[in-house]
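Colleague: Okay, here's what each chain looks like letter by letter:
Number of protein chains: 2
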Amino acid sequence: MTSDDTIGGLGEFRLIRSLVDLFPQGEHVLVGPGDDAALLRVKQGHVVVSTDLVVEGRHFRRDWAEAADVGHRAAAQNLSDINAMGGRAHSLTVGLAAPADLPAAWALDFARGFAEECSLVGASVVGGDLTRANELVIAVTVLGACAQAPVLRSGASPGEVLALKGRQGWAAGGLAVLGRGFRSPRALVEAYRRPQPPYDAGAHAARAGATAMIDVSDGLLADAAHVAEASGVLLDVRTDAFSVPEPLQAVGAALNADPIALILAGGDDHALLATFPADAVPAAWDVVGEVREVPEGGEPTVLVDGAPWESETGWTHF
Amino acid sequence: MTSDDTIGGLGEFRLIRSLVDLFPQGEHVLVGPGDDAALLRVKQGHVVVSTDLVVEGRHFRRDWAEAADVGHRAAAQNLSDINAMGGRAHSLTVGLAAPADLPAAWALDFARGFAEECSLVGASVVGGDLTRANELVIAVTVLGACAQAPVLRSGASPGEVLALKGRQGWAAGGLAVLGRGFRSPRALVEAYRRPQPPYDAGAHAARAGATAMIDVSDGLLADAAHVAEASGVLLDVRTDAFSVPEPLQAVGAALNADPIALILAGGDDHALLATFPADAVPAAWDVVGEVREVPEGGEPTVLVDGAPWESETGWTHF
Chain A
1 MTSDDTIGGL GEFRLIRSLV DLFPQGEHVL VGPGDDAALL RVKQGHVVVS TDLVVEGRHF
61 RRDWAEAADV GHRAAAQNLS DINAMGGRAH SLTVGLAAPA DLPAAWALDF ARGFAEECSL
121 VGASVVGGDL TRANELVIAV TVLGACAQAP VLRSGASPGE VLALKGRQGW AAGGLAVLGR
181 GFRSPRALVE AYRRPQPPYD AGAHAARAGA TAMIDVSDGL LADAAHVAEA SGVLLDVRTD
241 AFSVPEPLQA VGAALNADPI ALILAGGDDH ALLATFPADA VPAAWDVVGE VREVPEGGEP
301 TVLVDGAPWE SETGWTHF
Chain B
1001 MTSDDTIGGL GEFRLIRSLV DLFPQGEHVL VGPGDDAALL RVKQGHVVVS TDLVVEGRHF
1061 RRDWAEAADV GHRAAAQNLS DINAMGGRAH SLTVGLAAPA DLPAAWALDF ARGFAEECSL
1121 VGASVVGGDL TRANELVIAV TVLGACAQAP VLRSGASPGE VLALKGRQGW AAGGLAVLGR
1181 GFRSPRALVE AYRRPQPPYD AGAHAARAGA TAMIDVSDGL LADAAHVAEA SGVLLDVRTD
1241 AFSVPEPLQA VGAALNADPI ALILAGGDDH ALLATFPADA VPAAWDVVGE VREVPEGGEP
1301 TVLVDGAPWE SETGWTHF
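Top line first, the protein sequences correspond to chains A and B.
Residue numbers for the first sequence follow the working numbering, so the first one is 1 and each next one is one higher.
Residue numbers for the second sequence follow the working numbering, so the first one is 1001 and each next one is one higher.
Hints may contain errors.
[Unchecked claim] Only pairs whose alpha carbons sit at most 25 Å apart, straight line, appear in this in silico SDA-like list of lysine to any residue:
(1) A:K43 - A:A149
(2) A:K43 - B:A1147
(3) B:K1043 - B:A1208
(4) A:K43 - A:R88
(5) A:K43 - B:T1006
(6) B:K1043 - A:A149
(7) A:K43 - A:A187
(8) A:K43 - B:A1225
(9) A:K43 - B:R1041
(10) B:K1043 - A:G26
(11) A:K43 - B:G1057
(12) A:K43 - A:P24
(13) B:K1043 - B:A1203
(14) A:K43 - B:L1030
(15) B:K1043 - A:H28
(16) B:K1043 - A:Q148
(17) A:K43 - B:I1016
(18) A:K43 - B:T1002
(19) B:K1043 - B:G1026
(20) A:K43 - B:G1032
(21) A:K43 - A:A203
(22) B:K1043 - A:V42
(23) A:K43 - B:A1250
(24) B:K1043 - A:Q44
(25) A:K43 - B:S1184
(26) B:K1043 - B:G1032
(27) A:K43 - A:G57
(28) B:K1043 - A:L120
Keep in mind the hints are simulated off the structure, nothing from the lab.
Input sequences plus hints: build the corresponding full structure.
Modeller: Right under this line is the structure:
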């Protein structure tokens, strides 16, 4: 293979062979890539499964992130869904629909980044598909398991507190500066390119007694709204609970924007948001609000400092 | 919702709610669509998993198949991958990347067809993703289980026979006539739009002693080549073993083509191709060839009537 090779020129089967070599198989993988299906040993009596699509121009731009970054991000957002159940991912499949003129090196670097992110939790890429399309679309499915009962979105009760674990607003800050043609603050751009989900925190929160949990992919308020709705509660987020880290202050000043909006409405960091009984919040989590009853005649919703939030709440896919 | 609604106009969350209503959940589904991940009970100690991408313009055309047909086909090709392991699918995820102007009715009809095909084997759609894209791309992942050891591609041995179960060449015949602007023979067009994989035959073959198995998705010779390579054997297909059904004779005459080429090179019917000890072939299967040793200095390959097949062998994705 040369640096000029495209995936169309290289051909499906040669490229697949090269890709498969990049994916080490865990010992739970009895049959890995290359047959009609992979075969996985499952000891726990259950599987948690989630799937996500990543579309060029919508979820990433090749001029804003290296192929390896796109691989890291695509894996991270899926691994994070298992984290948000209080589980740990063990296996993933990845489908790549791509134009024939995509450089083969891009696909291989993407796969390297993807595999590297998966290795952070010990998960294996056990299968995939590769096909031609006009647009670059990445489809990931992740399988995992929970060591205890999974934490759903629906378990929050009035009187509990809302807590956050992980960076929040950083990726949105990075995206904001990239969108304006800047490449700094570097820490935010890097956070956008390679989110750092708190992979150990989900299972830890579940053991500590989290009653509801979600990962913040669309935006803190948008994802909190999913918890509010599923649990039939009102969530009240306190803005004074967030410390605004220096790079977010810098980007707020540069863009003449309130950095708290990045924290409340920004997605893509894959922090965890969970509810706990007030005395059960793990030390490493920040309490950022409380769970209240929905007032008579009201709807489950999210308030900010006791009032509706009037700005944008998050990312809508259509 | 009205017939004029597009998925962009309707919005992601409203459409997802309507879609989820179309997917009944089996009793193994402890948590279905709507949380960060689905939770499935797995009794067998293992999972088989496979994934496929389906791209508009490449794998289907909206003017050649109704939305429900596309749903049937997308599900069938994935369910068939589990069938080819000798297993049965229990759960699927489906991702839909679609232009905002896609009629919501198309997405719902697609989902109805998809769910209907899944119901043939008792499988549930447990999760999904919906996002905007310029092009319609469908990403399916299927999970299943085997009641016995899975049948891989790698188990064929010299002295065994090659056998086929299911229609072969029908879908390719349908595609050939559609490509020339015709709509008949109706049986072939229908076979292309809604393949009928022999869903009970995979597990049955495994119990009967199949040594290697694959589903014919890319073409009989192309998929046989995967078995030959994985098993390190030579497969010799006998053309006189195939009876050419009337609609394939008709399309051959109309297009001035040898219908045996449709049988040998056509894909998309999702018939099963397997190797067995000669005395173990189930009654409903047709013996279509034999497994031989690779001659000294030779490579694993597929012959037709003892000689290399010079025409097209199947579908190449790039």
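Colleague: None of the hints should be skipped; say for each whether it holds.
Modeller: Verification of the supplied hints:
Note on K43 of chain A and A149 of chain A: the hinted pairing holds, with a Cα-Cα distance of about 15 Å set against a maximum of 25 Å. For a cut-off of 25 Å, the pair hint linking K43 of chain A to A1147 of chain B stands: about 16 Å separates their Cα positions. With a C-alpha separation of about 23 Å, the suggested pair K1043 of chain B and A1208 of chain B falls inside the 25 Å cut-off, and the hint holds. This hinted pair checks out: K43 of chain A and R88 of chain A have alpha carbons roughly 13 Å apart, not beyond 25 Å.
For the hint pairing K43 of chain A with T1006 of chain B, the CA-to-CA distance comes to about 44 Å; that exceeds 25 Å, so the pair is violated. Taken as a hint, the K1043 of chain B and A149 of chain A pair is honoured in the structure, with Cα atoms around 17 Å apart against an allowance of 25 Å. Restraint check: the Cα-Cα separation between K43 of chain A and A187 of chain A comes to about 40 Å, which exceeds 25 Å; the hinted pair is violated. Between K43 of chain A and A1225 of chain B, the direct Cα distance comes to roughly 34 Å. Violation of the 25 Å bound is thereby established for this hinted pair.
Proximity of K43 of chain A to R1041 of chain B is assessed by CA-CA distance (about 11 Å); at most 25 Å being required, the pair is judged to hold. The hinted pair formed by K1043 of chain B and G26 of chain A meets the criterion: a straight-line CA distance of about 21 Å does not exceed 25 Å. The hinted pair formed by K43 of chain A and G1057 of chain B fails the criterion: a straight-line CA distance of about 41 Å is larger than 25 Å. Note on K43 of chain A and P24 of chain A: the hinted pairing holds, with a Cα-Cα distance of about 20 Å set against a maximum of 25 Å.
Between K1043 of chain B and A1203 of chain B the alpha-carbon distance is near 17 Å, which keeps this suggested pair within the 25 Å criterion. Between K43 of chain A and L1030 of chain B the CA atoms are separated by roughly 17 Å; this keeps the pair inside 25 Å, and the hint holds. A threshold of 25 Å between alpha carbons decides the hint, and for K1043 of chain B with H28 of chain A the separation of about 16 Å falls inside it, so the pair holds. Among the hinted pairs, K1043 of chain B with Q148 of chain A is consistent with the structure: their alpha-carbon atoms are about 17 Å apart, no more than 25 Å.
Between K43 of chain A and I1016 of chain B, the direct Cα distance comes to roughly 32 Å. Violation of the 25 Å bound is thereby established for this hinted pair. Distance check on the hinted pair: K43 of chain A and T1002 of chain B sit about 47 Å apart at the alpha-carbon level, beyond 25 Å; violated. About 14 Å separates the Cα atoms of K1043 of chain B and G1026 of chain B, which keeps this hinted pair within 25 Å; it holds. Proposed proximity of K43 of chain A and G1032 of chain B is supported: the alpha carbons are some 21 Å apart, at most 25 Å.
Note on K43 of chain A and A203 of chain A: the hinted pairing holds, with a Cα-Cα distance of about 17 Å set against a maximum of 25 Å. Between the alpha carbons of K1043 of chain B and V42 of chain A the distance comes to roughly 9 Å, so the proposed pair stays at or under 25 Å and holds. Note on K43 of chain A and A1250 of chain B: the hinted pairing is violated, with a Cα-Cα distance of about 53 Å set against a maximum of 25 Å. As the CA atoms of K1043 of chain B and Q44 of chain A are separated by approximately 9 Å, the hinted pair is consistent with the 25 Å bound.
With a C-alpha separation of about 51 Å, the suggested pair K43 of chain A and S1184 of chain B falls outside the 25 Å cut-off, and the hint is violated. Under the criterion of a C-alpha separation no larger than 25 Å, the hint pairing K1043 of chain B with G1032 of chain B is consistent with the structure, at around 17 Å. For the hint pairing K43 of chain A with G57 of chain A, the CA-to-CA distance comes to about 40 Å; that exceeds 25 Å, so the pair is violated. This hinted pair does not check out: K1043 of chain B and L120 of chain A have alpha carbons roughly 28 Å apart, beyond 25 Å.
Checked against the numbered hints above, the structure violates hints 5, 7, 8, 11, 17, 18, 23, 25, 27, 28; every other hint is satisfied.
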